[in-house]
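Chain residues, written in single-letter form:
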Amino acid sequence: MKEKVKRINDFEWLLPKGSRDKMRVDAKIIANDAVFGALEDDAITQLTNVACLPGVIEPVIGLPDMHWGYGLPMGAVSAFDAEEGIISSGLCGFDINCGVNCIRTNLTAAEVRPKMKQLVDALFRNIPCGVGARGKLKLTPDQLEEVLAKGMNWGVKNGYGVKEDIVRTEDNGCMEGADPAKVSSLAKQRGKDQLGTLGAGNHFLEIQRVSDIIDKKFSDSLGVKEKDQVLIMLHCGSRGLGHQVATDYLKSQEEAVRKYKIWIPDRQLACAPANSKEGQDFFAAMKAATNYSFTNRLVMTQWIRETFEQVFGKTWQEMDMHTVYAICHNVIKFEEHKIGGEKRKVYVHRKGATRSFPNIPVLIAGTMGTASYILKGTEAAMDKTFGSSCHGAGRAMSREGAIRRFWGGKIKEELLKKGIESRATNPKVLAEEAPLAYKDVEEVINSVHGAGISLKACRMEPLGVLKG
Amino acid sequence: MKYKFVKGPTSDVKFEAYGSDANELFENAALALSSVMCAVRSVKPKDSIDVFVEGKDLQDLLFNWLGEVIALVDIQCMFFSAFKIRIQGNKPAASAASYKLKATCFGEEAKSKNSLTVVKSVTYHDFRLEGDDKSGWKATIVLDI
Numbered sequence: 001m002k003e004k005v006k007r008i009n010d011f012e013w014l015l016p017k018g019s020r021d022k023m024r025v026d027a028k029i030i031a032n033d034a035v036f037g038a039l040e041d042d043a044i045t046q047l048t049n050v051a052c053l054p055g056v057i058e059p060v061i062g063l064p065d066m067h068w069g070y071g072l073p074m075g076a077v078s079a080f081d082a083e084e085g086i087i088s089s090g091l092c093g094f095d096i097n098c099g100v101n102c103i104r105t106n107l108t109a110a111e112v113r114p115k116m117k118q119l120v121d122a123l124f125r126n127i128p129c130g131v132g133a134r135g136k137l138k139l140t141p142d143q144l145e146e147v148l149a150k151g152m153n154w155g156v157k158n159g160y161g162v163k164e165d166i167v168r169t170e171d172n173g174c175m176e177g178a179d180p181a182k183v184s185s186l187a188k189q190r191g192k193d194q195l196g197t198l199g200a201g202n203h204f205l206e207i208q209r210v211s212d213i214i215d216k217k218f219s220d221s222l223g224v225k226e227k228d229q230v231l232i233m234l235h236c237g238s239r240g241l242g243h244q245v246a247t248d249y250l251k252s253q254e255e256a257v258r259k260y261k262i263w264i265p266d267r268q269l270a271c272a273p274a275n276s277k278e279g280q281d282f283f284a285a286m287k288a289a290t291n292y293s294f295t296n297r298l299v300m301t302q303w304i305r306e307t308f309e310q311v312f313g314k315t316w317q318e319m320d321m322h323t324v325y326a327i328c329h330n331v332i333k334f335e336e337h338k339i340g341g342e343k344r345k346v347y348v349h350r351k352g353a354t355r356s357f358p359n360i361p362v363l364i365a366g367t368m369g370t371a372s373y374i375l376k377g378t379e380a381a382m383d384k385t386f387g388s389s390c391h392g393a394g395r396a397m398s399r400e401g402a403i404r405r406f407w408g409g410k411i412k413e414e415l416l417k418k419g420i421e422s423r424a425t426n427p428k429v430l431a432e433e434a435p436l437a438y439k440d441v442e443e444v445i446n447s448v449h450g451a452g453i454s455l456k457a458c459r460m461e462p463l464g465v466l467k468g
Numbered sequence: 001m002k003y004k005f006v007k008g009p010t011s012d013v014k015f016e017a018y019g020s021d022a023n024e025l026f027e028n029a030a031l032a033l034s035s036v037m038c039a040v041r042s043v044k045p046k047d048s049i050d051v052f053v054e055g056k057d058l059q060d061l062l063f064n065w066l067g068e069v070i071a072l073v074d075i076q077c078m079f080f081s082a083f084k085i086r087i088q089g090n091k092p093a094a095s096a097a098s099y100k101l102k103a104t105c106f107g108e109e110a111k112s113k114n115s116l117t118v119v120k121s122v123t124y125h126d127f128r129l130e131g132d133d134k135s136g137w138k139a140t141i142v143l144d145i
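Line by line, the protein sequences give chains C and S. Residue numbering for the first sequence is 1 to 468, as defined by this note's numbering. Residue numbering for the second sequence is 1 to 145, as defined by this note's numbering.
Just so you know, these hints were derived from the structure itself, not from any lab. Positions of the beta carbon are idealized from the N, C-alpha and C atoms, including for glycine. Incorrect hints may have been included.
Covered stretches of chain C, going by a simulated chain S footprint (3 or more residues, C-beta under 8 Å) [claimed, not checked]:
hint, stretch
1, 131-145
2, 191-200
3, 228-235
4, 261-271
Computed list of lysine-lysine pairs in BS3-like fashion (alpha-carbon distance at most 27 Å, straight line) [stated by the list, open to error]:
hint, chain 1, residue 1, chain 2, residue 2
5, S, K7, S, K46
6, C, K117, S, K100
7, S, K44, C, K136
8, C, K192, S, K134
9, S, K113, C, K251
10, C, K417, S, K14
11, C, K251, S, K84
12, C, K136, S, K113
13, C, K412, S, K113
All chains should be modelled from the sequences, with the hints used to inform the complete structure.
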C-alpha cells in the first residue's frame with residue numbers, strides 16, 4: 001500500500017481513494033521524509049480500513065506517530081457525518097481519554113536534582129501504580145456516579161485540585177451529556193476503587209526540566225518562563241472502568257453492524273450509526289469514562305503537589321504548581337468544522353491523537369528518557385486535520401521485541417548515566433518502554449511543526465520517571 | 001505447547017493458545033493472558049475464585065471469558081496462575097447464551113514485584129477460534145496493552 005502514497009509536499013502525503021476496493025475517501029499522512037520512510041506498510045493499509053466506513057469525511061488522517069494497531073493504526077483521526085456517519089468504540093481506543101496533564105513549578109533543575117531520588121521514591125509511595133495495585137480511594141456508588149457525570153467538578157468539590165485546574169483542562173474537565181446509567185455495573189465495579197491510580201505500561205509520571213523555549217510569548221502565557229524550570233507530566237487514562245466501557249460497546253456495536261447491515265473491513269472496527277440508540281448510548285458512556293479519566297488525573301495531580309510539599313517544605317501554591325494544561329488523546333468529540341466551505345458538526349474520532357485548536361496547548365509526552373514538548377494549536381490544523389495533532393513518539397518496536405532486546409536493569413543504568421532517576425514496579429516495564437522501542441520524537445515533532453498543524457513552544461527533558 | 005506469542009501489531013500483543021479440548025484451550029488462553037499481566041511463575045495458586053461466564057457461541061464465550069479474567073485482576077487485586085474450566089452447552093445459538101462455563105481461578109494477592117503490563121482488552125482484530133476435539137483447538141488473540 002505504501003507504494004500508492006503520493007507526496008503532496010515535504011510534510012503531507014496523499015493515499016487516494018482508489019488505492020483499494022471500497023475506500024470512500026482519500027487518506028492523508030502527515031510526516032517528514034524521515035518519518036514517512038519508517039512507516040509500516042500495515043499501518044498505512046489500516047488507514048484505508050477507516051476510509052471504508054459509512055459517512056466518513058475526507059480525509060482520514062494518519063499522524064507522524066502512527067503505527068500498526070488493531071484494525072486501525074494508533075495515531076489516526078477520522079471524522080463522520082452526524083446523520084450518515086458512524087460512531088465506533090474501536091476508533092476511539094480502549095483507554096478512553098488516555099491523556100496528559102502538565103503541571104508547572106517555579107523550581108529549577110538545580111534545586112530539584114539533589115532531592116530527585118527522594119522525590120521519585122516519595123511519588124512511588126504516594127501514587128498507586130502497577131497492574132492490580134490497590135487504589136487509596138474507595139468510592140461509594142453515589143460518589144462514582146457523580147464522578148462519571150460531573151468529572152473534575154467532583155474532584156474540586158472534594159478537595160482534589162482547584163477551579164483553575166478545571167479551566168486549564170480540555171472541555172473544562174467534564175464532557176456534557178455523560179450518562180452514568182450507560183456504564184455497566186462491571187465497569188463501575190472495576191472503577192470504584194481505581195480513582196487516583198497510574199496504571200502500567202506506557203503510563204507514567206515524569207519530572208522534567210525545560211531545555212528549550214522556542215515560542216517565548218506562548219510559553220510565558222502558560223507560566224513556562226525559562227530554561228531549567230521544572231515541569232511535571234502525567235500520562236494516564238480511564239483505567240479499568242474506561243477499558244470495560246470500550247469493551248462493552250465494542251460487543252454491542254458488533255451486534256449493531258449486523259442489525260444495520262454495515263460492511264466493515266475489520267471486526268475491530270465495529271460501529272453503529274451515530275444517530276442510532278446504540279450510537280448515542282455509547283457516546284454517553286464514553287463521555288462518562290472521559291470524565292472519570294479527567295478526575296483520575298486531577299486526584300493524582302493533587303497527590304503530586306502534596307508529595308512536593310513533603311519533600312521541599314513549601315506549599316504547592318508557593319511552588320506555583322498550577323496546571324499548564326490537560327488534554328485527551330483517545331476520545332470522540334462532536335465538533336464543528338468547515339467542510340466543503342460550510343460549517344458542519346461531525347463526530348471526530350481521535351485514537352492516539354491530540355486536539356489542536358488555535359492557540360490552545362498541545363502536550364506531547366515523549367517516551368521514557370527522551371524529550372517532551374508543549375506546542376501551540378493552529379488554524380492550519382482546523383483546515384488539514386480536523387483540529388488534530390500527534391500524541392507521542394509512536395512505537396517502532398513491539399513490546400516482546402523490546403523485552404527480548406533490552407534488559408530493564410541496563411535501561412535503568414543508562415537512564416541514570418543521562419541523569420534520569422527512574423522507578424518501576426518491575427524491570428521488564430523499563431525494558432518494554434526503552435527509548436529505542438519508539439520512533440524519534442524530534443522527527444515526529446518536526447513533522448507536525450513543518451505541516452503547521454501544531455507549532456513548537458517549548459521542549460522538556462526528563463529528570464525523573466515513575467512507571468507502573 | 002500451551003501457548004506461544006507471535007508477531008502482531010506494534011503496540012499490542014498477539015498469541016496463539018492450544019488445547020486438546022475446549023476446556024484446556026480456555027485454560028491455556030487465560031494463562032497466556034495472565035502471563036502478560038504478571039510474572040505468572042512467581043504467583044502462588046493459594047487462593048481461588050469461582051466465576052461463571054456465558055456466550056452465544058464458543059467464540060463469544062472465549063472473548064467473554066478472557067474479558068472476565070482481565071476484570072477480575074482489577075476487582076480482586078489478584079494475579080492468577082492456574083485455571084480450571086468446565087464448559088457446558090454445544091447447541092446452535094438458539095438463545096442469547098447457548099454456552100456457559102464455570103471457572104475456578106487460582107492465584108494470590110497482586111504484589112507489585114509480580115506486576116507486568118495492564119491489558120486493556122481482548123480485541124476482535126484477528127480473533128479466531130479453530131479446531132475440534134479430534135484434531136485439537138487453537139485460538140488466536142490480540143490484546144490491547
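- Message: Holds or violated: K44(S) and K136(C), Cα atoms, limit 27 Å.
- Response: Holds, because 25 Å separates the two Cα atoms, which is no more than 27 Å.
- Counting residues of the stretch 191-200 of chain C with a beta carbon closer than 8 Å to any beta carbon of chain S, are there 3 or more? holds (count 3)
- Task: Would you check chain S against the stretch 228-235 of chain C, counting CB to CB pairs closer than 8 Å, and say if three or more residues qualify?
- Result: It is violated: at least three residues are needed, and the stretch 228-235 of chain C offers just 0 whose Cβ sits closer than 8 Å to chain S.
- Item | Coverage criterion applied to the stretch 131-145 of chain C (partner chain S; beta-carbon cut 8 Å; 3 residues) | Check passed, 4 qualifying residues.
- Given the hint that K412(C) pairs with K113(S), does the C-alpha gap stay at or below 27 Å? The given pair, whose Cα atoms are some 16 Å apart, holds under the 27 Å limit.
- Message: Can you confirm whether the C-alpha distance between K7(S) and K46(S) stays at or below 27 Å?
- Response: This hinted pair is violated, its Cα atoms lying about 33 Å apart.
- Query: Has the given pair, K192(C) with K134(S), been kept, meaning a C-alpha gap of at most 27 Å?
  - Reply: 45 Å, violated
- Query: Taking 27 Å as the top limit, are the C-alpha atoms of K417(C) and K14(S) close enough?
  - Reply: Given pair K417(C), K14(S) is violated - Cα atoms ~34 Å apart, limit 27 Å.
- Between K136(C) and K113(S), is the straight-line Cα distance small enough, at 27 Å or below? Since the Cα atoms of K136(C) and K113(S) sit roughly 19 Å apart, the hinted pair holds (cutoff 27 Å).
- Message: Tell me if the straight-line CA distance from K113(S) to K251(C) falls inside 27 Å.
- Response: 34 Å, violated
- Query: Does the alpha-carbon distance linking K117(C) and K100(S) stay inside the 27 Å limit?
  - Reply: Judged against 27 Å, a Cα distance of about 51 Å means the pair is violated.
- Holds or violated: are the alpha carbons of K251(C) and K84(S) at most 27 Å from each other? 26 Å, holds
Checked against the numbered hints given earlier, this structure breaks hints 3, 5, 6, 8, 9, 10; the rest are met.
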